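Enquirer: For the record, the sequence lines run as chains A and B.
Following the numbering used here, the numbering of the first sequence begins with 1 at its first residue and continues without gaps.
Following the numbering used here, the numbering of the second sequence begins with 1 at its first residue and continues without gaps.
Do not take every clue at face value.
Any copy will do: because identical chains look the same in the list, a pair fits if it lies in one copy or spans two.
To be verified - Within a straight-line C-alpha distance of at most 35 Å, the following computed DSBU-like cross-link-like pairs (lysine-lysine) qualify:
1. K290 with K111
2. K252 with K112
3. K252 with K111
The hints are simulated quantities; they were obtained by calculation from the structure and are not laboratory data.
For clarity, every value in this text was computed on a predicted model and none was experimentally measured.
Protein chains: 2
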Amino acid sequence: MSLKDFTDKMLPAIEGELQRIVARLDEPRTQTFHAMLSYHMGWSGEGSGSKASGKRIRPLLTLLTTAACGADWQPALPTAASIELIHNFSLVHDDIQDRSDLRRGRTTIWKKWGMPQAINVGDALFILAHLAHLEIGSCFPAETALQAARTIHEACLSLSSGQFLDISYEQRDDLTIEDYWPMIAGKTAALLSACTQVGALLGGAGEAAQVAYCNFGHYLGLAFQVHDDYLGIWGDSALTGKSTESDLVACKKSLPVLSGLGKKGPFAQRWSDGPIQAEEAAAVAEQLAKEGAKLYAQQQTDQMTDLALQSLRAAEPEGEAGEALFELAQVLLSRES
Amino acid sequence: MSLKDFTDKMLPAIEGELQRIVARLDEPRTQTFHAMLSYHMGWSGEGSGSKASGKRIRPLLTLLTTAACGADWQPALPTAASIELIHNFSLVHDDIQDRSDLRRGRTTIWKKWGMPQAINVGDALFILAHLAHLEIGSCFPAETALQAARTIHEACLSLSSGQFLDISYEQRDDLTIEDYWPMIAGKTAALLSACTQVGALLGGAGEAAQVAYCNFGHYLGLAFQVHDDYLGIWGDSALTGKSTESDLVACKKSLPVLSGLGKKGPFAQRWSDGPIQAEEAAAVAEQLAKEGAKLYAQQQTDQMTDLALQSLRAAEPEGEAGEALFELAQVLLSRES
Chain A
1 MSLKDFTDKM
11 LPAIEGELQR
21 IVARLDEPRT
31 QTFHAMLSYH
41 MGWSGEGSGS
51 KASGKRIRPL
61 LTLLTTAACG
71 ADWQPALPTA
81 ASIELIHNFS
91 LVHDDIQDRS
101 DLRRGRTTIW
111 KKWGMPQAIN
121 VGDALFILAH
131 LAHLEIGSCF
141 PAETALQAAR
151 TIHEACLSLS
161 SGQFLDISYE
171 QRDDLTIEDY
181 WPMIAGKTAA
191 LLSACTQVGA
201 LLGGAGEAAQ
211 VAYCNFGHYL
221 GLAFQVHDDY
231 LGIWGDSALT
241 GKSTESDLVA
251 CKKSLPVLSG
261 LGKKGPFAQR
271 WSDGPIQAEE
281 AAAVAEQLAK
291 EGAKLYAQQQ
301 TDQMTDLALQ
311 SLRAAEPEGE
321 AGEALFELAQ
331 VLLSRES
Chain B
1 MSLKDFTDKM
11 LPAIEGELQR
21 IVARLDEPRT
31 QTFHAMLSYH
41 MGWSGEGSGS
51 KASGKRIRPL
61 LTLLTTAACG
71 ADWQPALPTA
81 ASIELIHNFS
91 LVHDDIQDRS
101 DLRRGRTTIW
111 KKWGMPQAIN
121 VGDALFILAH
131 LAHLEIGSCF
141 PAETALQAAR
151 TIHEACLSLS
161 SGQFLDISYE
171 QRDDLTIEDY
181 WPMIAGKTAA
191 LLSACTQVGA
201 LLGGAGEAAQ
211 VAYCNFGHYL
221 GLAFQVHDDY
231 LGIWGDSALT
241 GKSTESDLVA
251 CKKSLPVLSG
261 LGKKGPFAQR
271 WSDGPIQAEE
281 AAAVAEQLAK
291 EGAKLYAQQQ
301 TDQMTDLALQ
311 SLRAAEPEGE
321 AGEALFELAQ
331 VLLSRES
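Please model the entire structure based on the sequences and the hints provided.
Expert: Below you can see the structure in the form of structure tokens.
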């Protein structure tokens, strides 16, 4: 079975599980509340469909890890879905915090239903996530369910701390590359690392393999984010069209930007002169590349990817699910948009 | 031992436990984040102190219930503190949603640090709450810890649904008294009911006693909220001064207001004519009383109080802690501000 064979089976199961969990709110008095969550998850409202739902990478990672430990992935479904809901809770709150109008090409929750209900939608996704995970108590020993809950909540705390750093960085102009890593370790890597760690725990992996899987998720998350930062400046959509999607225009202090600022050259000078306009994004991106930031970002992605793959090999994933995990990592880290 | 003897011992233990839990964020990079949570909890910043911390009624209820089941209350501390943190998570998000400037007489988190960080502070309090509860896995069987977690998360889901109703009610003018109860059952009673239910579970109470304690918390919550609604219109601070604290001026659709609207008399007429001004609050409150809403609110408080006390008696609370529980209920339901 290839990655595609696994996803063909797992994705519908994940989607069904997510819908079952969210249906808890499908009561007469909370119909509209249920509709808000359902809209955000991509199941209803204008523009609904698989593109609106996102790729469900996190639950896939969890289930593939469980399978690569030689176990049946089905009993891990509530926990896999739980992590996807946590990811979506963070997106809903993130969109309010960033005042983003669009998410996956659709109007965001706060834009559609107002900030107060949007905060509440995020909270409800988070609560439903934890309730879902607790269901595994019927398939796994209570001690295992508790340990998995601890791992997931620890990842959430890192996520929240990373979010704190990200927001506080907006107002700082003394940031260096050293400030970057703890922020993305929290915002991106913590939850991906929980996916693989919990997947391994539920798959019955030993202590050493659990640590290796945890490291795999961690480095995968770092590589994923650095690659995302790269695409945000030199990716197709960042360079073409009106370049409004460029991270440079959004003033995002991503890794390449912090690298460029550290050089104190023409890029740093231009950055300090005020917001970069869409029409100059391509030229500034070229200048930033000239100062070595493009190569640096590529090198960092490669290094984190190597560490991720080393960790995955150390985990000794079994059979076709193991091969599918390597394939998933390749897909995530070689994407061009 | 009287209630006071218990609170003299329990309150410092609760406060210490809360500070220990929140100290997880007391790391070099997240010092400011820790300061935000610490400020909200009433431990630091201008106006800090016991008044800024609130009364810690929820953890007290949990610990007293555990003790009234004949068990040691100390091992239940992480869970008691967890529920207080959940209460505070909801307050922080509530203040953003309501755009409230003050909480317990102090500037609210969102007013002080902005909406984005305030959302994050609420999220962190919520995450820390769940992490804290999971610690009881070392003192109680894992199965008990899981069951308590389920009860707490279920209460959070009710809290979130109640909050959805409350926000959605702001824009509705077709509300009746029937709409009131499910809203406060979620917003106020669910968490109080979780306090006593979980306290009983950790105290080793049997199934029947757990249900009785759960009902006690539920009706206590309803009685508490209806009494609060009463005080919001006819309490001292609502009637004296400039009456800016009157729920009538705040357009709050509380029980007496819904009762008055149902009468379709002079009060309903005045209500539909637009916002009530501070200087007319006392007169409108008198009109509302004339139409029977004051008596109705008192009767409802009495009825819910009776049901709460009946439930508590059915739980057969033991010893001095049991007596202290009755005393705590009396204190909560006879307060005048």
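Enquirer: It remains to establish, for every hint, whether it holds in the given structure.
Expert: Verification of the supplied hints:
1. K290 with K111: The answer is neither: 39 Å in one copy and 43 Å across copies each exceed 35 Å.
2. K252 with K112: both (25 Å within a copy, 24 Å between copies)
3. K252 with K111: both (22 Å within a copy, 25 Å between copies)
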